[in-house]
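Given these sequences and hints, build the entire structure.
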Amino acid sequence: MSHLFPNDFLWGASTSAYQVEGAAYEDGKKASQQDIINQENYTTRGFATAEIASDHYHHYKEDVALMKEMGFKAYRFSIAWSRVFPDGIGAVNEKGIQFYRNLIDELLANQIEPIVTLYHYDLPWALVEKYGGWLNRQVVTDFEYYARYIINEFRDKVKYWTTINEQSIIVQYWTAKCYIPEEYRTNNQLRYQINHHMNLAHAIACKLVHELVPGGLVGAALGYAPVYPLTSKAADAMAALNAHDLRNAYYLDIYFKGFYTKSAMRYLEKHGLAPEIQPGDMELIKEGTSDFLALNYYYSDCAKSCPEGDGKEIRYSGVNYSGKKGDISGFETHPGFYEMCKNPNLETSDWDWSIDPTGLEYLLRDLYGRYNKPLMITENGLGAFDTLTEDGQVHDDYRIAYLKAHIEAMGKAMDAGVEVLAYCPWSAIDLLSTSNGVKKRYGFVYVDRTDDDPKECRRLRKDSFYWYQNVIRTNGQQL
Numbered sequence: 006m007s008h009l010f011p012n013d014f015l016w017g018a019s020t021s022a023y024q025v026e027g028a029a030y031e032d033g034k035k036a037s038q039q040d041i042i043n044q045e046n047y048t049t050r051g052f053a054t055a056e057i058a059s060d061h062y063h064h065y066k067e068d069v070a071l072m073k074e075m076g077f078k079a080y081r082f083s084i085a086w087s088r089v090f091p092d093g094i095g096a097v098n099e100k101g102i103q104f105y106r107n108l109i110d111e112l113l114a115n116q117i118e119p120i121v122t123l124y125h126y127d128l129p130w131a132l133v134e135k136y137g138g139w140l141n142r143q144v145v146t147d148f149e150y151y152a153r154y155i156i157n158e159f160r161d162k163v164k165y166w167t168t169i170n171e172q173s174i175i176v177q178y179w180t181a182k183c184y185i186p187e188e189y190r191t192n193n194q195l196r197y198q199i200n201h202h203m204n205l206a207h208a209i210a211c212k213l214v215h216e217l218v219p220g221g222l223v224g225a226a227l228g229y230a231p232v233y234p235l236t237s238k239a240a241d242a243m244a245a246l247n248a249h250d251l252r253n254a255y256y257l258d259i260y261f262k263g264f265y266t267k268s269a270m271r272y273l274e275k276h277g278l279a280p281e282i283q284p285g286d287m288e289l290i291k292e293g294t295s296d297f298l299a300l301n302y303y304y305s306d307c308a309k310s311c312p313e314g315d316g317k318e319i320r321y322s323g324v325n326y327s328g329k330k331g332d333i334s335g336f337e338t339h340p341g342f343y344e345m346c347k348n349p350n351l352e353t354s355d356w357d358w359s360i361d362p363t364g365l366e367y368l369l370r371d372l373y374g375r376y377n378k379p380l381m382i383t384e385n386g387l388g389a390f391d392t393l394t395e396d397g398q399v400h401d402d403y404r405i406a407y408l409k410a411h412i413e414a415m416g417k418a419m420d421a422g423v424e425v426l427a428y429c430p431w432s433a434i435d436l437l438s439t440s441n442g443v444k445k446r447y448g449f450v451y452v453d454r455t456d457d458d459p460k461e462c463r464r465l466r467k468d469s470f471y472w473y474q475n476v477i478r479t480n481g482q483q484l
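Heads up: the sequence shown is residues 6 to 484, going by the working numbering.
Careful: at least some of the hints might be erroneous.
Quick list of in silico lysine-lysine cross-link-like pairs, BS3-like style, CA-CA up to 27 Å [as the list claims (entries may be wrong)]: (1) Lys291 to Lys378; (2) Lys378 to Lys262; (3) Lys73 to Lys347; (4) Lys317 to Lys267; (5) Lys309 to Lys66; (6) Lys275 to Lys238; (7) Lys35 to Lys78; (8) Lys73 to Lys100; (9) Lys275 to Lys317; (10) Lys238 to Lys267; (11) Lys164 to Lys78; (12) Lys378 to Lys78; (13) Lys73 to Lys212; (14) Lys212 to Lys378; (15) Lys291 to Lys212; (16) Lys164 to Lys238; (17) Lys347 to Lys309.
To be clear, the hints were calculated from the coordinates, so they are not data collected in a lab.
Below, the structure written as structure tokens:
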């Protein structure tokens with residue numbers, strides 16, 4: 006028998022503003038750094054810009070109706086800072102905030118719980134131009150201005166808040182998630198400085214939710230991959246522990262213990278990578294307590310020993326831009342600490358992401374044991390090349406198989422006592438992938454467009470739509 010999910014379990018799905026909304030320059034909105042980054046991606050790689058994306062801005066009622074038809078209990082989405090405050094701070098853009106009022110009201114009218122993310126990569130471009138965005142500590146003050154307004158605006162309508170999306174992924178892929186001028190890209194200390202600024206912003210947002218939202222709950226949404234050793238050799242096991250400390254614990258300990266993981270911090274200090282911390286910073290971080298942890302899980306990682314003196318240099322995670330297996334441009338390496346590598350025991354997606362449902366069970370068990378806080382899944386999914394048939398069908402049995410196995414793994418973790426609040430896979434509808442355009446699809450709903458031609462962004466239900474509808478209808482009993 007499959008796991009019995011609680012009656013109030015939040016089945017849903019996720020998106021983010023710049024990846025789904027479009028209307029990048031409409032109704033008073035100004036550019037975000039993602040509008041600029043994706044324009045460059047279009048020029049260099051032919052991936053779609055964020056100007057139209059899935060045109061959710063004009064289709065939100067249709068999209069919420071599709072969510073209702075699937076049976077969603079929750080929808081996790083982000084608010085575009087530059088839609089609400091086009092210049093980052095200053096006067097609110099009334100048309101911009103009205104869109105989110107309308108969206109949240111539409112969700113509530115359909116009994117769908119909004120899970121709001123305050124920040125998902127899309128810093129207002131005005132703040133990048135003004136002082137370099139997250140590189141500059143001023144961004145923390147400006148984030149507080151924005152977050153206070155949003156949290157206060159929706160304090161009576163939104164219970165669940167996530168602060169900043171995927172800080173660990175931002176550190177690994179900083180030029181895809183932040184606009185970093187060329188002259189700073191060789192300075193890896195700045196990755197951890199940006200992260201420190203985000204930790205301050207996260208703590209402020211947590212404090213604001215607790216101050217302003219009656220019964221409000223808040224946490225970060227962390228991109229997370231458990232790290233396995235390549236072999237049972239002691240050196241590989243140590244490398245996996247080191248990788249866990251720098252890639253995972255370094256973020257989690259801040260959220261739940263209020264300090265940076267000592268082993269990771271010692272490594273960063275030794276290599277001149279540690280963030281500059283000002284007096285009062287750690288006290289603020291300690292005060293910004295999280296009520297839960299949201300997890301974005303797609304794959305597990307693998308690490309092996311990397312002795313110093315092998316001639317290798319520090320490098321960060323590579324990317325597969327083509328969707329041809331094996332095209333990944335390399336693995337993160339920290340000589341004397343660890344080197345990431347391919348796990349020979351796991352299949353991968355076309356983009357070289359390992360497919361590991363057991364990894365979800367593993368991390369849920371591990372994190373609940375370490376921190377004893379409720380967890381929610383805010384992203385989990387399979388990016389794939391979907392084929393639209395002549396009669397308007399998308400037969401994505403590969404996606405169904407992926408999600409089914411991960412829901413089963415989540416159920417096993419819950420059977421072992423883990424408290425999981427929600428399952429919101431990526432993504433509700435097809436959208437713009439951060440690194441791979443619109444060819445790499447994740448949604449339950451097919452959005453009919455290409456990287457070059459947005460067409461009319463017609464919505465079509467995939468096979469996974471009907472499968473997930475039944476999963477929710479039976480509260481996870483029929484997978």
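A quick look at each hint next to the structure:
1. Lys291 to Lys378: Holds - the C-alpha atoms of Lys378 and Lys291 are around 16 Å apart, at most 27 Å.
2. Lys378 to Lys262: holds, 12 Å
3. Lys73 to Lys347: Violated, because 40 Å separates the two Cα atoms, which is more than 27 Å.
4. Lys317 to Lys267: holds, 24 Å
5. Lys309 to Lys66: Measuring from Cα to Cα gives roughly 49 Å; hence the hint is violated.
6. Lys275 to Lys238: holds, 26 Å
7. Lys35 to Lys78: Cα-Cα ~32 Å, so violated.
8. Lys73 to Lys100: Holds: Lys73 and Lys100 sit about 25 Å apart, inside 27 Å.
9. Lys275 to Lys317: Measuring from Cα to Cα gives roughly 17 Å; hence the hint holds.
10. Lys238 to Lys267: holds, 24 Å
11. Lys164 to Lys78: With a Cα-Cα distance of about 13 Å, the restraint between Lys164 and Lys78 holds, given a limit of 27 Å.
12. Lys378 to Lys78: Cα-Cα ~22 Å, so holds.
13. Lys73 to Lys212: Status violated; Cα separation ~32 Å.
14. Lys212 to Lys378: Cα-Cα ~17 Å, so holds.
15. Lys291 to Lys212: holds, 10 Å
16. Lys164 to Lys238: Outside the cut-off at roughly 47 Å; violated.
17. Lys347 to Lys309: Holds, at about 10 Å.
Hint check: violations occur at hints 3, 5, 7, 13 and 16; the rest are consistent with the structure.
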